[in-house]
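2 protein chains.
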Amino acid sequence: MSTITRLRSSAPDFEATLKKLLAFDAEQDDAIEAATARILQRVRHEGDAALLELTNQFDQVNASNVAALEIPAEQWRQALTSLPSSQRQALEVAAERVRAYHQHQRQESWSYVEQDGTRLGQQITPLDRVGLYVPGGKAAYPSSVLMNAIPAKVAGVSEIIMVTPTPHGQRNAMVLAAAAIAGVDRCFAIGGAQAVGALAYGTESVPAVDKIVGPGNAYVAAAKRRVFGTVGIDMIAGPSEILIICDGKTLADWIAMDLFSQAEHDELAQAILLCPDAQYLDAVEASITRLLPTMPRADIIRTSLRDRGALIQVRDLAEACAISNRIAPEHLEVSTEQPEQWLPSLRHAGAIFMGSHSSEALGDYCAGPNHVLPTSRTARFSSPLGVYDFQKRSSLIHVSAAGAQTLGKIANELALGEGLPAHAASASFRLTGK
Amino acid sequence: MSTITRLRSSAPDFEATLKKLLAFDAEQDDAIEAATARILQRVRHEGDAALLELTNQFDQVNASNVAALEIPAEQWRQALTSLPSSQRQALEVAAERVRAYHQHQRQESWSYVEQDGTRLGQQITPLDRVGLYVPGGKAAYPSSVLMNAIPAKVAGVSEIIMVTPTPHGQRNAMVLAAAAIAGVDRCFAIGGAQAVGALAYGTESVPAVDKIVGPGNAYVAAAKRRVFGTVGIDMIAGPSEILIICDGKTLADWIAMDLFSQAEHDELAQAILLCPDAQYLDAVEASITRLLPTMPRADIIRTSLRDRGALIQVRDLAEACAISNRIAPEHLEVSTEQPEQWLPSLRHAGAIFMGSHSSEALGDYCAGPNHVLPTSRTARFSSPLGVYDFQKRSSLIHVSAAGAQTLGKIANELALGEGLPAHAASASFRLTGK
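Here the protein sequences come in this chain order: C and U. Residues in the first sequence are numbered consecutively from 29, following the working numbering. Residues in the second sequence are numbered consecutively from 29, following the working numbering.
The list treats identical chains as interchangeable, and a pair is accepted whether it falls inside one copy or across any two copies.
Below are the EDC-like pairs computed for lysine to aspartate or glutamate, each with C-alpha atoms no more than 20 Å apart in a straight line:
(1) K47 to E74
(2) K437 to E124
(3) K437 to D281
(4) K437 to E120
(5) K277 to D310
(6) K277 to D305
(7) K277 to E313
(8) K437 to E142
(9) K47 to E232
(10) K181 to D156
(11) K47 to D335
(12) K48 to E295
(13) K277 to E368
(14) K277 to D344
Think of the hints as simulated: they come from the structure by calculation, not from any bench.
Using the sequences and the hints, build the whole thing.
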């Protein structure tokens, strides 16, 4: 079994092979679906009582009531001061950069007035209250707290309720510190489908929110899908992906490590390199072989690269862009000289990292843009998490008396054409002379 | 049984009564779910063959192949010229106003450069190809074609594929004319879950799209929910709603007809009036009683008002705004003098119609703003359909060599804190001196 698949875009079977490599079907597990439905029903109808029982059971804690599961803000501040200063400073600088970038995404209300005095526009308002799910245990990511909470705060959300499971009562100091930095308002030590249910429906102790964001395991994803409509949700993320387009001039070790940085997430992560230069692909493969044994997460990386990775020799960089558009990757590195020249050709990607110094890892933590990105080809129709996900719009329509005359006749005509006579009458009643 | 429920916000049981009145649970029907899943599977795996068989069966037509189900553009143009000139002109003026309004929603790419030369921003691009579902038969709404297709075209979508069922082969001239005006690119006479499947997965004859928008029956809604993730979808709409806040100075007949215009959609539609003036509510009730028998759709209106409507006496207009925020209505009329004063108090609504001349029907057809609006309290977290639904963003990250030094150290620190050493190495490899 080779380290990583080698392909050439000029090979006759390339299309079929690429399709097979990309294939990933997020099957929904019936058992998980059924268990999630039961949990949500219980939390919806029994409130705190169900939430407490399920939390004590799944997280193996022994809380006497849900109030005892709230982690007071004092504890987050203690967590923040307890961090090594280099870590605290890294979190604070990252938060500040994420905040500065997201300020550019704020949208403002707008309107315009027509000649007859009719005013049209949109009023833009923040969501009232947002729930933020943060996984606990081994995959506890403080960067995820920053990336989800800061855009909401920039949007003007008044209250962020964070939930995070604490198996055996273990609380992650870095996650709590990130909550303090990001401006989270309240935090409960709850998780799983029961936490999603509590946020969606509200219980005696946990307030109902308007939208739930943040990553989670299969139960959390299933629960988010089910409560969608009652509350808003962000995207359900698939395995992480990186696609690198390289002109062969970046140090091969850098590219190899960029591929690793995606592959180390989990065995299903996908890391693909496109380059016109076969010798460069050889050099990257050699770097992979040499560097892989030095990596702490070598087993995960090895499986990911073997099963889902590829080094693809393309005809030229223009073809690389075309292939990239078909893949619509979550992360796209354009590791070339003058990468801007390719931007107009790149239609679908969650984030585009340009030039040899823009490693994807910088974007994960501190460049400023969000690291919550569309996966599994959804970049064809969706966007990075942003301030716009925590704002919503109301159309504004102020028709003048004069405007009602012009518009009323048109609406009357079209409503009658559609067989809706009350619509027609509601417009024609406002015509003068009626 | 009274014509419409009368309530007072000061009554002790008001909260409970209002909650009951608003209760609407969109139960998913297991039989519909199962049938939809089977249809989607068939279309996905058998393509044209399944699409043809299902269309011939459900729409009772007799097409020999899917190509024969495409309605050529020539037919839409004929449909347009065949319309009475008043109808054609109304459609064209409405389209032009919708286009002009939505031009204001276009978002442009942006970026900024930091002191060390690092450039950050977002590239905004249109979706490539969009599917537009248009119901056929009795509820065929040309206005819906305009409202869905025009924002997509303003966004820059290169190809809109419209699908519309034609039971017994009957084609609706006004719908086809609207397609010609709105700039639809291709149109197929297919419908139901099979049309949604064809758009989501593609068949030999129907190209796969990136997003599916437009209203449909329970099968269409179930199919859209199921293909979400493979393609984007718009919101699944619940029953239509209007909430009117009135100071008692609008002609009572106007308000009664505005309530009717929502109630005539279907029996589940909801029409509610809030006013501090009990005598005015009496006057509106009298208008309802007098006008109802004159309405062609009186039976639907009567059931809707009786089961789901209400005239509510509030303490004052400020309380009316607070109640409105809890309801988060699809359509909100602020039929008062100086309605702008209430805007800052109105946080959640799909569209806000201000002043006595702004009847909701004008917004349905020709004011300019979109008539596809969030229902069932989803205005708490979502927005009218707009150009932004047909654009998506890619983050842009171009880190300079100098920037990679600063950011690399932070990313390295945080990645190690999260237990992701390849992320750390990918950042630290770019530090000079390494």
